[in-house]
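Student: So the sequence lines, in the order shown, correspond to chains R, C, E and G.
Taking my numbering, the leading residue of the first sequence gets 1, the next gets one more, and so forth.
Taking my numbering, the leading residue of the second sequence gets 1, the next gets one more, and so forth.
Taking my numbering, the leading residue of the third sequence gets 1, the next gets one more, and so forth.
Taking my numbering, the leading residue of the fourth sequence gets 1, the next gets one more, and so forth.
These aren't lab readings, by the way, just hints derived from the structure by calculation.
Each residue gets a CB set at the ideal place from its N, CA and C atoms; glycine is no exception.
One should not assume that every hint holds.
Straight-line distance between alpha carbons at most 35 Å, and here's what the computed DSBU-like set of lysine-lysine pairs gives [what the hints assert, rightly or not]:
| hint | chain 1 | residue 1 | chain 2 | residue 2 |
| --- | --- | --- | --- | --- |
| 1 | G | K267 | R | K125 |
| 2 | E | K54 | C | K152 |
| 3 | E | K267 | C | K99 |
| 4 | R | K287 | G | K275 |
Some chain E residues judged to face chain R by a derived CB distance under 10 Å, without partners named [to be verified]:
| hint | residue |
| --- | --- |
| 5 | N87 |
| 6 | G142 |
| 7 | G173 |
| 8 | M178 |
| 9 | M259 |
Here are the in silico distance ranges between beta carbons for each label pair [stated by the list, open to error]:
| hint | chain 1 | residue 1 | chain 2 | residue 2 | range |
| --- | --- | --- | --- | --- | --- |
| 10 | C | K192 | G | I79 | 26 to 32 Å |
| 11 | G | D93 | C | C298 | 42 to 48 Å |
| 12 | C | E256 | G | E252 | 41 to 47 Å |
| 13 | C | E327 | R | D303 | 51 to 57 Å |
| 14 | G | I79 | R | F129 | 41 to 47 Å |
| 15 | C | L124 | R | G154 | 53 to 59 Å |
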Amino acid sequence: MPPSASNILDFEKPIAELEAEIEDIKRLTAEQGVDRSEEIAILEQHRDRLMEQIFSRLTPWDKTLLARHPRRPYTLDYVRLLFDDYTELHGDRLFTDDKAMIGGLGTFDGRQVMFVGQQKGRDLKERQFRNFGSAKPEGYRKALRLMKLAEKFGRPIIAFVDTPAADCSVGAESRGISEAIARNLMEMSALKVPIIIAILGEGGSGGALGIGVGNSVLMLEYAIYSVIPPEGCAAILWRDPAKAPEAAAALRITAEDALRLGVIDEVVPEPLGGAHRNPDLTARTLKTAILRNLDELCSMTGDELAAQRYQKFRAMGQFLTMPELAEIDAAAG
Amino acid sequence: MPPSASNILDFEKPIAELEAEIEDIKRLTAEQGVDRSEEIAILEQHRDRLMEQIFSRLTPWDKTLLARHPRRPYTLDYVRLLFDDYTELHGDRLFTDDKAMIGGLGTFDGRQVMFVGQQKGRDLKERQFRNFGSAKPEGYRKALRLMKLAEKFGRPIIAFVDTPAADCSVGAESRGISEAIARNLMEMSALKVPIIIAILGEGGSGGALGIGVGNSVLMLEYAIYSVIPPEGCAAILWRDPAKAPEAAAALRITAEDALRLGVIDEVVPEPLGGAHRNPDLTARTLKTAILRNLDELCSMTGDELAAQRYQKFRAMGQFLTMPELAEIDAAAG
Amino acid sequence: MARDDWFGLKSGKARKLARKSADAVPDGLWIKCPKCGEILFNKELEKNLRVCNKCGYHYKLGAMQRIAMTVDEDTFEEIATGLRPGNPLDFPDYEDKLEKDRKTTGLEEAIVVGTAAIGGRRVVIGAADFTFRGGSMGSVYGEKIVQAVEKALDERLPVVLFCCSGGARMQEGILSLMQMAKTSAAIARMSAEKLPYISVLVDPCTAGVHASFASLGDVMIAEPGALIGFAGARVAQQAGVINRPPNFQQAEFQLDNGMVDMVTPRKELRQTLIKILQFCCEDIGNAA
Amino acid sequence: MARDDWFGLKSGKARKLARKSADAVPDGLWIKCPKCGEILFNKELEKNLRVCNKCGYHYKLGAMQRIAMTVDEDTFEEIATGLRPGNPLDFPDYEDKLEKDRKTTGLEEAIVVGTAAIGGRRVVIGAADFTFRGGSMGSVYGEKIVQAVEKALDERLPVVLFCCSGGARMQEGILSLMQMAKTSAAIARMSAEKLPYISVLVDPCTAGVHASFASLGDVMIAEPGALIGFAGARVAQQAGVINRPPNFQQAEFQLDNGMVDMVTPRKELRQTLIKILQFCCEDIGNAA
Ligand SMILES: [Zn+2]
Ligand SMILES: [Zn+2]
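Bound conformation, chain R alone (with noise of 0.2 Å):
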């Protein structure tokens, strides 16, 4: 998807204006043949500083339209980029198959893994076609049909996080979206293989969590992970959805928050701009990052893995507890 007004952000337009400058007067040099590199490098080390300026000073609410940006790189692009090879299996075995949750085997730097991830679709047409990258009940069952297989011939799984939410039309209620999100966080828990799990863009609520429970989590610069969408947290505690700037800001939905927060691992930087400015780095980025995680992983037992992702999540929440409670006490008195 090339940039055009309706895919570029707010804050992205001083930079797109630039970088349409800099088309202009490259295009001018080949069809007048007048040396122009002079000028042209000077405005690119202007956008740099600009794009550096401006990506220096997001606020989380930013960082939601970047994680939503109509030209972010999806899992199936990831996938590409990622694995030598891929083929895709598909189905629940159950009821359908879910095209907003893909998964299948890859060779990921010669080795075999399972991948599971939503997808979102790109055009209307397609996005239509993933449904928005809500997974239904049998999206969630495919993934776990996926993960047991991986288990089961002993092979890591890598799961991709990108999703507002899992879908909660009549039909995801009526055949158990709840069950399937609690199956898999309870399946999860305990598989004897390495799961990583990569959050690429939106980390929308249980939807993400559903497929989200890793030895190893980590989560891309500007995506997002969050309890709730900034606009439905507005709408409840403000009665409001116009302020999900503000209510973005108190949920700490970024992924710095998120790893202050001891939710996630690590964060994988981005290129200046975003992902979408450039995937090829971001898939480099991140493949080093998976790999580095993954051979980590990869020596310890199943019981090990799965002794060590309990402890994780266990570990997760904060709270007073009876002798800090009593300090506080003590200070007040």
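Chain R is already provided as a structure; the job is to place chains C, E and G with the ligands on it using the hints.
Tutor: Chains C, E and G with the ligands alone, transformed into the frame defined by chain R:
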């Protein structure tokens, strides 16, 4: 369901006529106070002799009709008669609750057991509600869920078989009726608790076998167990469904045949005239048989039970092997 | 459950808690049934386990009421106490809201867990309370569930949980979401040890709780009319869920769709639990 | 699979069998595609793995053709031979029909099993043949599947089965039905040993075979356009199945409904199998 023209089989008619006569006399006795007990006794003796006569020369087709008798006791009738109490459990946790397949917790002679079974309906409305005893994938998946629950808590399983066939509607096909039956066959073969099968009426092909893999397989005297309904066989072989009686004979579908062919372990005798003439007595006989088998099986370990069940089905089938073929060739030569 | 005092709690403190955590019990003598409009005498309603005797409407219950109604008299001992939510996100107004709910309910969080006996059998039991932050699951809620399960694992006891929740605790953000994984992982350990876990889904059981431990019971029971589903009412509204059947997200809808084993009226619940526990427990958890 | 001789069978006997078991190959030079009507040059059709080069219609293949097309050249060794159906029911005409099929196909039953290598990896492989009693499963069919699985268990090999069947062998009655349980139980042992089993569903794969081992593959592949379903055509007709979608019971219908992992054109099948085997086999079955 009381006897009426529509639920009396042709070969039962002479018996029904005699009984109507006896009833008439009894009514007159009550109304007029005339003692005709001697006459009644003679008629009753006559009736019993007639019944013995008729039932001693039942054809396989007659037995098919008895197995499908509209007044034959169904699974829930036996559940009520066999168990001290029971609690139905519902649903496959995937799609729906299949009313053609019931199951739940039962107290059986003071022991905790899990039961599953196909359920037919008595009147038209109930028959539709129960889908004529033809379970869909969700029925087999419900049964498997309950059997796995029984295994988890170390409880024996009693499966009651009574189905013309599994449902083969478009819905059933699209939700994987084949997959559901296949999975049950696979999983049942390896369960580590006692499984006792009681074939109560129609043992209809894969639909029956889908809950029919047991350590002990009991079969009521006038039940049938067949790879295809006689009508279907006649239609395929002779392009004439009216030749069902011939097909019933050729297919060897009676309990006696099943025992001889080694696919069941025990024929449970029915009262004279069939189970529907005395459900209580039938249930008592069945209960004794189940208890005896249960006692034997409960002395085995889980591994022994799975191995016994495996070997039992492993051995099913009849064929000639090389040495036998050599003998035939020698004899022919 | 033909007992005069179904509260079953002797200690003054427990009684006080039970009273406090009952949701929206008006102090007056009379109460109007929200379903059928019948005017009910409050004392009669209590005796009828807070079920409308005209239409069968099941009122919400507080956590301590639930427990009292279910366990053998005077057998409940709370565990996993002394935990209090922090404010890890510095979320606006969160501490004030917690303080308010602590005061009005007498609870330290939206869930209470402990040990008790049911029909003479020792169990771990927990009940969530809608009056505390809408029964939303935050870090403490999750931790209490896990500590309850750990108690069951240590002593090889069955677990019975009354699952009630409006969803995840928004104010604890992503940490709340993680409680879904944390509690479900704990249930996985129960399952691996073949220890029984019975979940009872009561009004409302939605979102993060429904999509985690609540849906993982070996046997799952729902109370009649309870709202049960993935999308909370407001989320579903935002998502514009269409073509809802009349009983959408009700207990009976879940039964039709094969998601719960049974819908059990409150007055039969204790006996049903006793039967199920009898099935699931060969040699575990028999109270001396 | 760019090999000049995709038959891959060097021995004269095997070649002869392969020729004999190919279904309905007319002896003429030309053949008309039953799907698009195109007139196809028989030799070209063979080179194209018996797939119409105009519309992609996949012709049925005989058991030996299947195997030859799939395995490394000259690696197939048949096992579980020397078994012949009896007539346990004394079913009218059964023996004559068997004798006839034995003569026309050169096979002893509707399935052939053995060991071979695929992409250098040793496997157990089996293929059913529609030209022998419509690929129906009787006692020998079931026994051969089980002996194949037992071979795999003994030597820790993966299993690849080309599943093709019109259903159970009616003439062996209830004994045929039991082959469903017998074969599925064998697959359970594979699964418990974590040995991979790949099922390839080819035209037609129905009834008793589809409702047993064919549906239990760790990975399941279907050939384009193959008829795959529970109710055989005649049974479905008798049962009056209504509202059939246009692709009802076709491979693509099964893919849409989540029942197979992929629909794979014949010319890609060997490479796909090699990839899947690579995933499933860590340290098993590497041919020396
Ligand atoms: Zn009312
Ligand atoms: Zn063609």
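Student: So, for every hint listed, does it hold in this structure?
Tutor: Structure-based check of all given hints:
no.	hint	result
1	G/K267 x R/K125	holds (31 Å)
2	E/K54 x C/K152	violated (41 Å)
3	E/K267 x C/K99	holds (26 Å)
4	R/K287 x G/K275	holds (22 Å)
5	N87	holds (9 Å)
6	G142	holds (6 Å)
7	G173	holds (5 Å)
8	M178	holds (4 Å)
9	M259	holds (5 Å)
10	C/K192 x G/I79: 26 to 32 Å	holds (31 Å)
11	G/D93 x C/C298: 42 to 48 Å	holds (47 Å)
12	C/E256 x G/E252: 41 to 47 Å	holds (46 Å)
13	C/E327 x R/D303: 51 to 57 Å	holds (56 Å)
14	G/I79 x R/F129: 41 to 47 Å	holds (46 Å)
15	C/L124 x R/G154: 53 to 59 Å	holds (55 Å)
In this structure, the one hint that does not hold is number 2.
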